[in-house]
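2 protein chains.
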Amino acid sequence: MPIQEDFSRAELEVMRRVSGLPIDELALSVASNLWRASQLFKQKLEREVLREHSLSFSSFSTLFIIWIWGPIETRDIAKSQAVSKATVTSLLITLEKHGLVKRKAAKSDKRLVLVELTSAGRTMVEWVFPKFNQGEADVAGILTEPEQLELARLLRKVVAGFQISFEEVTA
Amino acid sequence: MPIQEDFSRAELEVMRRVSGLPIDELALSVASNLWRASQLFKQKLEREVLREHSLSFSSFSTLFIIWIWGPIETRDIAKSQAVSKATVTSLLITLEKHGLVKRKAAKSDKRLVLVELTSAGRTMVEWVFPKFNQGEADVAGILTEPEQLELARLLRKVVAGFQISFEEVTA
DNA sequence: CTATTATCGTTTGAATTCAAACGTTCGATC
DNA sequence: GATCGAACGTTTGAATTCAAACGATAATAG
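Line by line, the protein sequences give chains A and B. Read in order, the letters of the first sequence correspond to residues 17 to 187 in the numbering used here. Read in order, the letters of the second sequence correspond to residues 17 to 187 in the numbering used here.
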């Protein structure tokens, strides 16, 4: 069935109903498939990998960022995840409750909070990340390798375009 | 600066820190840029278009689906949005509170609930959708038209791959 | 026809999310 | 140094999200 390579059934129906309106149908296609792919990806990872470790997608992403960037400030977690500072505070409270991260005040600037993994947190990331990456590979594996490279390039260009347009909107 | 076309600075740092581990770095690139692009897209639309109408991204998406598919069952909204039925119930409660949708029992099957727009809901969608689509066009416009076509095709293939793999996981 | 099973939408409780408001701390200017 | 504005993380309140449990209805089996 060549429908997946061309247009999905749902997409065709949407197009039919908006035809006549001055709508950018290509942009609509890009946006709706971008959103849908990201949601399916998130759900797959939460159900198949993170659930058994009582981690949400956001919790794991935060844990991963802290693992990569060592002691890191709350505001930088927020920027790197494209979420608000309030969200990060909530996530850190949950993660701290589970003993995976610890917060400490910065010496130089008393407003700052430095976050780092506990040893339990480090163990968790190092245990879960390979399985998480396998899930990513399952999804990416739907495409050929040249297609994966091209998809990564195009998405990177979109992300870069955002950063140029707004440059620090996250309050 | 060719960094956006190649690898972002953050991506390079992540790669550096996971080098040595048996990680599929291409899949990691695809997944992280997919997630980031989708989140930035959602935030842009919520802030620049939906916020002034007191609509969340999910609320508008739901409204749009109901606009397209006329009277529709709760379970079909859930499937089309890739969210749980419980989420749809919550969204419908909010939308009903704002007078944008109405629910009625189906005659044939008393378990079903049919959802449709009120006239206020229809007015809202028809007013907001063009502006929403303009936001989509802004984002897609970061890419050339051939790139947009290719991105849509690749994402569609990924989405189709999901549907083949799981086929109705949404409980 | 009755009993079992499956499906529907909802409720419950907990986590995630954000704008707005807040107190605290830093920096800049006078 | 004192004052004003900016930036930090947190709190608050409301909406979104989901798994699990639930009652009601339908479909299937016996």
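Where hints are given, some of them may not hold.
Because identical chains share one entry, a pair is satisfied inside a single copy or across any pair of copies.
[To be verified] Taking lysine-lysine and the BS3-like style, the derived pairs with C-alpha atoms no more than 25 Å apart in a straight line are:
#1 Lys95 with Lys113
#2 Lys173 with Lys147
#3 Lys173 with Lys118
#4 Lys173 with Lys58
The hints are simulated quantities; they were obtained by calculation from the structure and are not laboratory data.
So, going through the hints one by one against the coordinates:
Within a single copy, Lys95 and Lys113 get their C-alpha atoms as close as 23 Å, which meets the 25 Å cut-off; across copies the closest is 34 Å, which misses it. For the homomeric pair Lys173 and Lys147, the shortest alpha-carbon distance between copies (23 Å) is at most 25 Å, but the shortest distance inside one copy (27 Å) is not. Taking the shortest alpha-carbon separations for Lys173 and Lys118, neither the intra-copy value of 35 Å nor the inter-copy value of 41 Å comes in at or below 25 Å. In this homomeric assembly, Lys173 and Lys58 come within 25 Å of each other (Cα to Cα) both inside a single copy, at 21 Å, and across copies, at 17 Å.
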